[in-house]
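Asks: From first to last, the protein sequence lines stand for chains A and B.
With the numbering used here applied, the first sequence covers 5 to 375.
With the numbering used here applied, the second sequence covers 5 to 375.
The set of hints was computed from the structure by calculation and includes no laboratory data.
Wrong hints could be hidden among the right ones.
Chain copies aren't distinguished; within one or between two, either way the pair holds.
In silico DSSO-like links for lysine-lysine, alpha-carbon gap of 27 Å or less [what the hints assert, rightly or not]: (1) K43 with K67; (2) K159 with K14; (3) K300 with K123; (4) K126 with K155.
2 protein chains.
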Amino acid sequence: MNIFTRKENKIFTTPVLEIDLKRLVENYRLLTKIIAPAKPSAVVKDDAYGLNAAVVAKALYEKADCRNFWVAHALEAERIIEGVPDAEIYVLQGIGVDSLELFRQHKFIPVISSPEMLKFWKKHKIEGIKPVIHVETGLNRLGFREPDLQKLSAKDRQMFSMVMSHLACADEKDHFMNAHQLENFTRIRKRYFADLPASLSASDGAFLGEEFCCDMVRLGAAMYGINTAPYRQNQMQNIINLQAPILQIAQLPKGDFVGYSATYRATTDRTIAIVSIGYGDGCPRSLSNVGKVIFKIDGKCHEARIIGRVSMDNIICDITDIEGLSVGMFGSLICDEYTLDDIARDAGTISYEILSRLGKNTRFIRRYIPA
Amino acid sequence: MNIFTRKENKIFTTPVLEIDLKRLVENYRLLTKIIAPAKPSAVVKDDAYGLNAAVVAKALYEKADCRNFWVAHALEAERIIEGVPDAEIYVLQGIGVDSLELFRQHKFIPVISSPEMLKFWKKHKIEGIKPVIHVETGLNRLGFREPDLQKLSAKDRQMFSMVMSHLACADEKDHFMNAHQLENFTRIRKRYFADLPASLSASDGAFLGEEFCCDMVRLGAAMYGINTAPYRQNQMQNIINLQAPILQIAQLPKGDFVGYSATYRATTDRTIAIVSIGYGDGCPRSLSNVGKVIFKIDGKCHEARIIGRVSMDNIICDITDIEGLSVGMFGSLICDEYTLDDIARDAGTISYEILSRLGKNTRFIRRYIPA
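Required output: the full structure, derived from the provided sequences and hints.
Replies: Below is the structure:
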């Protein structure tokens, strides 16, 4: 991107978020091959991890023939329907009085995860919809437990179109929980839902082998470029490019402090750049004194360490050793060379949380590379 | 709120964010008294710390006669103008080629923070606007440094309508930086901008005494209920109520693990509640195994500890010792008894970051208590 290397004397103030839908669709297609013969489906909950679920779902629908989507809430489902007219949309948090009307109107498919919700469903049943049943296999989050399952009648069990569960530790290939949960899931399927299609894995489970893929895999994080199999090199392409302009370059004399609460003090004379992005844009404050900004000059990457606290609108970084920077040039917070996984590690969290925060911010100049 | 104590057997799935504009306006009015005779102004940058800047600015304009607003970016200013027709809107990140048109169209007032930006301003000057000049006094972030100021001509200096700076450590009453920055600011004012109105403090500085208030104080965090003077009891009212429904209650047998990566293991039989909110809603993942959910039963508060990892859509909490809970009841993540400051402390960050994340999420049922 030539915005990186632009050197004319111009002033920019606004961060730029670029989302590569082409790569996203390519990731999805590659995942589809990896999980075959299981059927792929796309997880676009939490506004497609913050990237605009309407845009992401439409791209997957049009360019990758995706016809099965997962969201967390019915109001998220409503936002994508226009672009995916005849798709099945599953709602993971299920159905309640606060979403019933949306289900009635749009025929979303609720995931039923508790006896109480099942009771609610039976009372308000919607013609033509067969819900998914969520069973608990070891995560101890949502889902029917064994005693709940035992209470289901044969008629109850025939009400569903799919049985699902969710893995706790699928990003660790050899974690004992994987085998444990697969065993539980297999037993439950056999005992209660022998004829029902099944879905166990999200995109981390996709890499654990065919038996984890069952009939349908819920592809989310990996599609967005996150390495969900961190025990090996990422097969996915980065889809995020986050850049922000240098607002000011200044000398920082030896002994001076930087940022809120004066957490950084210069031990020698430094040169600093004030970059127009902060936690108000979704760059975690935990990057304070830890994170970095990448500057690309003539195709070469240079790292500038973030010094002092990340503030709401700005970060300050040390550019003492980088030649050729000037006000108006852009630095990268996320790019191919410093990915979501990298920034998440430096921020002490997971890529999912970074992504989920980022895209919802409304003060980026936002660009989508078309699929 | 009776939603807390509702006990009928209903299912809810959606978190509810309630923002009390009445209290926000009362906070602003109280701050106005504290800083008098300095003039108040409202900081509504970052979408009013995530609470919807258009709504917040309009309430302050109509109910508290606020006529001076601060945002970070011109595109944020554009979103509030309809509700504050004849107000002055200052843009802290300043002006650039990516925002010039918005400044021309709406007469926003740029804050000029570097010689390069001043050069840009002189080239693209907009009739009828007198910018603010930002001078650096110790934060080492944005602002003219002394050598830059020396290069300004008398004519340059007459171009501005106000001189501002920003404090680094104003939330610590006795921090040496406060006196140091005030001294620097006073010297710079005298030497270069003797006749210009001045603004040094945001809402933390507001509590440091009259000399820190100068002519105008930029009231942000405190107005939103954050204690910006943590060395004493908060004088501000909490304005945030964040609740989420219990989706499921389950038994957790001794020895079982909870959540992703199995970070929690039950040492005795426990009862858990799965609550429909997660980091996808802005509840930091750093609350994993640390945070809490408050349940109010018959007017009494009960704390349920978050166990295991916070996931994107759900948290799991331990309700073993709480009687009378059932599926469909709501727990509080933020309320008068467990404020923004409390959740921030537990999450290892500051209230500003929590607030900035929260309100931008679009899958809440959102309610405003009118001013």
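Asks: Any hints from earlier that this structure breaks? Give me their numbers in increasing order, please.
Replies: The structure conflicts with no hint, since it agrees with every one listed earlier.
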